[in-house]
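Here the protein sequences come in this chain order: H and Y. Per full-length UniProt numbering: the first sequence ends with 407, consecutive numbering throughout. Per full-length UniProt numbering: the second sequence ends with 407, consecutive numbering throughout.
Misleading hints may appear alongside valid ones.
Put simply, identical chains are the same to the list, so a pair is met inside one copy or across any two.
[What the hints assert, rightly or not] No more than 16 Å apart at the CA atoms, straight line, and that leaves these computed lysine to aspartate or glutamate pairs for EDC-like:
hint	residue 1	residue 2
1	K260	E216
2	K53	E299
3	K27	E299
Since the hints were derived computationally from the structure, they do not count as laboratory data. In this text the structure is predicted, and so the values were computed from the model without any measurement.
Each chain, written out:
There are 2 protein chains.
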Amino acid sequence: MAVGHETLSQLFPVNGVSIGIACAGIKKPNRRDLVIFDIAPGSQVAGVFTKNKFCAAPVHVAKKHLASGEGIRFLVINTGNANAGTGRQGMEDAIETCTRLAAIRNVGTHQVLPFSTGVIGENLPMDRLLAGLPNAVETLEVDNWEDAAYGIMTTDTRPKAISAQFQYQGEIITVTGIAKGSGMIKPNMATMLGFVATDAPVTQLLLQKILSEANEQSFNRITVDGDTSTNDACILIATGKAAVPCCDSEDSDLYRFLKKTVGEVLLFLAQAIVRDGEGATKFVTVVVNEARNSAEALEVAYTIAHSPLVKTAFSASDANWGRILAAVGRSQIEELDVNRVSIWLDDVRIVHNGQRDDKYTEEQGSKVMAQEEIRITVSLGQGEASERIYTTDLSAEYVRINAEYRT
Amino acid sequence: MAVGHETLSQLFPVNGVSIGIACAGIKKPNRRDLVIFDIAPGSQVAGVFTKNKFCAAPVHVAKKHLASGEGIRFLVINTGNANAGTGRQGMEDAIETCTRLAAIRNVGTHQVLPFSTGVIGENLPMDRLLAGLPNAVETLEVDNWEDAAYGIMTTDTRPKAISAQFQYQGEIITVTGIAKGSGMIKPNMATMLGFVATDAPVTQLLLQKILSEANEQSFNRITVDGDTSTNDACILIATGKAAVPCCDSEDSDLYRFLKKTVGEVLLFLAQAIVRDGEGATKFVTVVVNEARNSAEALEVAYTIAHSPLVKTAFSASDANWGRILAAVGRSQIEELDVNRVSIWLDDVRIVHNGQRDDKYTEEQGSKVMAQEEIRITVSLGQGEASERIYTTDLSAEYVRINAEYRT
Numbered sequence: 001m002a003v004g005h006e007t008l009s010q011l012f013p014v015n016g017v018s019i020g021i022a023c024a025g026i027k028k029p030n031r032r033d034l035v036i037f038d039i040a041p042g043s044q045v046a047g048v049f050t051k052n053k054f055c056a057a058p059v060h061v062a063k064k065h066l067a068s069g070e071g072i073r074f075l076v077i078n079t080g081n082a083n084a085g086t087g088r089q090g091m092e093d094a095i096e097t098c099t100r101l102a103a104i105r106n107v108g109t110h111q112v113l114p115f116s117t118g119v120i121g122e123n124l125p126m127d128r129l130l131a132g133l134p135n136a137v138e139t140l141e142v143d144n145w146e147d148a149a150y151g152i153m154t155t156d157t158r159p160k161a162i163s164a165q166f167q168y169q170g171e172i173i174t175v176t177g178i179a180k181g182s183g184m185i186k187p188n189m190a191t192m193l194g195f196v197a198t199d200a201p202v203t204q205l206l207l208q209k210i211l212s213e214a215n216e217q218s219f220n221r222i223t224v225d226g227d228t229s230t231n232d233a234c235i236l237i238a239t240g241k242a243a244v245p246c247c248d249s250e251d252s253d254l255y256r257f258l259k260k261t262v263g264e265v266l267l268f269l270a271q272a273i274v275r276d277g278e279g280a281t282k283f284v285t286v287v288v289n290e291a292r293n294s295a296e297a298l299e300v301a302y303t304i305a306h307s308p309l310v311k312t313a314f315s316a317s318d319a320n321w322g323r324i325l326a327a328v329g330r331s332q333i334e335e336l337d338v339n340r341v342s343i344w345l346d347d348v349r350i351v352h353n354g355q356r357d358d359k360y361t362e363e364q365g366s367k368v369m370a371q372e373e374i375r376i377t378v379s380l381g382q383g384e385a386s387e388r389i390y391t392t393d394l395s396a397e398y399v400r401i402n403a404e405y406r407t
Numbered sequence: 001m002a003v004g005h006e007t008l009s010q011l012f013p014v015n016g017v018s019i020g021i022a023c024a025g026i027k028k029p030n031r032r033d034l035v036i037f038d039i040a041p042g043s044q045v046a047g048v049f050t051k052n053k054f055c056a057a058p059v060h061v062a063k064k065h066l067a068s069g070e071g072i073r074f075l076v077i078n079t080g081n082a083n084a085g086t087g088r089q090g091m092e093d094a095i096e097t098c099t100r101l102a103a104i105r106n107v108g109t110h111q112v113l114p115f116s117t118g119v120i121g122e123n124l125p126m127d128r129l130l131a132g133l134p135n136a137v138e139t140l141e142v143d144n145w146e147d148a149a150y151g152i153m154t155t156d157t158r159p160k161a162i163s164a165q166f167q168y169q170g171e172i173i174t175v176t177g178i179a180k181g182s183g184m185i186k187p188n189m190a191t192m193l194g195f196v197a198t199d200a201p202v203t204q205l206l207l208q209k210i211l212s213e214a215n216e217q218s219f220n221r222i223t224v225d226g227d228t229s230t231n232d233a234c235i236l237i238a239t240g241k242a243a244v245p246c247c248d249s250e251d252s253d254l255y256r257f258l259k260k261t262v263g264e265v266l267l268f269l270a271q272a273i274v275r276d277g278e279g280a281t282k283f284v285t286v287v288v289n290e291a292r293n294s295a296e297a298l299e300v301a302y303t304i305a306h307s308p309l310v311k312t313a314f315s316a317s318d319a320n321w322g323r324i325l326a327a328v329g330r331s332q333i334e335e336l337d338v339n340r341v342s343i344w345l346d347d348v349r350i351v352h353n354g355q356r357d358d359k360y361t362e363e364q365g366s367k368v369m370a371q372e373e374i375r376i377t378v379s380l381g382q383g384e385a386s387e388r389i390y391t392t393d394l395s396a397e398y399v400r401i402n403a404e405y406r407t
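Just chain H, same shape as in the assembly:
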């Protein structure tokens, strides 16, 4: 299941980035499960990673290599195995993967960033993974973004990819990105995996700032099941191949254009993950207005988005708004005058000043709930802060997928 139509828009290559894909047989044979990114020398790379304390071995290694200051030249991504909860062996395997790819391409080990996604707690099948590396290298092409979007999928039912372009000083600047993720989705700093590249020239400092801020409003605003993965990572590459002066100031037009475009690309990818959430039949936007501050708005929004009762009501298209009200009431915020709370389903006001709106009819609520895309708005009447997050329903299919995941 997934929400909305499966359409993949045209993906523009990014000058300076080639991608190779192989079927290494990591979990299942004849499946694209190994992807490498070849990044031109002189590119800048920024990253955000999971805050799960049990973060996976490749996350440790990628963070270390990124911080080493040597120019990043390759990404290597496998699906089918998360290399998490694997202790010392897992660290050795992640480093070995980098070392082998580095040797093939004649770069330093620190110039390779590793990423893994899949089942937790099993060691990587290193023989098959390493044997797949030369095959992936052989297929390196600039227009492999779509294949890469397929190559990083696990329980995803659809590839997630988008391109955006803008014009600057007569040059076309491209931003292209792919992501994966469907379950164990409540990113905290990043999504399961996201890879975005631009040919804009930009300093590492500003690139990281653009990524961190865009991430905060996109991947960090989605949740499928509240489970933050051990392997979340999102990488933003800037090859600098576009023939425009380097962006080195927040006051420049290029910075503003790039920030806006990267923000749109990340939001699209984040929403695509929600639309393809495990067992998802609804795409739900939760808006909380009039909170005292952002943290309060997010606490209320996530309490609604994580409530199994609210989520099953969405699954059933049942306008059981009492469950939304109960979730608002149990959210861990300091105090709340319930007599100032109002709740809408799309534009239908259900609760006004803490009680059922006089004009509300069950028919109106049912009509909205029957839609595939729904917006809940909660107005707390406490202050002026607003936040917006994106989530799915909880269907019997979610339970089936996760009960059978390892079988």
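Fit chain Y to the supplied structure of chain H, relying on the hints for placement.
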């Protein structure tokens, strides 16, 4: 679905408490849905209530009446409608219910405590409820505890009731209690509804202390879906009919015996709610040891217990311990040295010092997961605090029940 056998042990009446039951047709015809407790003059009554900020009208009224200091003489409980999110009309209806029962039995309105459970956001059908009151009064008997346990059920598939007795100064002291609850279960101060009575004589102050402490280790340690209800309440009645001196000191034997027995009764009832959790096929105990403090232990325990991925793994009897590890890692605790964390399923150690135990085999884990009752133990290696909570799996049946709840 429910976990374990349905057996109702012998329920001893409590001298000073009579119970009446009627079919008022509040939601459906011919169903016991109205229960009243007649409590002898001079009894002490203690209560704990939900902390949901959208707490229901009857909760507001019951708290106010309990605080009024007039001796409580009646409880009136309806199922089929929670009278929550009903604003001013809801308050009037709750008070009117008390006033009418008070008039029939010639007591003051403040001497009646109202309780409601069922769907949120609809007004009580007052005509049918009030018409049912005389019928319930007519059936008042001391040995109606079992019928009352049935009469307060909603999505429960089983009644929940228990009696315990102990001897003190040659007298048999009885503690008997009933409870209901199956979904929207993560009590915060109390369960959906629990009513416990003893014939022991005890001051109101000590009675409240016994209830609050026992509640903290029982109803406040269970979770089915993390959704704290708007209507949770637990009431402890002490009629004082037993011919022993009144308990007025924490240093007395009666206090210690009563505290222990009430604690056992509440824990039994709380666990019975988990066993009958919506769609439950497993009864899961989550133990967290070696935490810095109780709050840290509970944060980790609830993060595990609320993880949809952990819960679906239980439903499938899949020893997917990586999900437990990921839940520990994402729990909101200050810092964690993952290299000190160990995890057991029953007595099988799966994770040792942050990674898979060398001796662990999938076969061992699968054997434990196939059981109907499972204990997860997580040792954090941070300090000396321990906590223990109780929860269920997440099955497709849970989704079905809550998708169809209002149809």
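Quick rundown of the hints versus the structure:
Taking identical chains as interchangeable, the C-alpha atoms of K260 and E216 lie at most 16 Å apart only when both belong to the same chain, with a minimum of 13 Å there against 50 Å between chains. In the homo-oligomer, the alpha carbons of K53 and E299 lie at most 16 Å apart only across protomers (14 Å), although the nearest pairing inside one protomer, at 21 Å, exceeds that limit. Within a single copy, K27 and E299 get their C-alpha atoms no closer than 38 Å, and across copies no closer than 34 Å, so neither meets the 16 Å cut-off.
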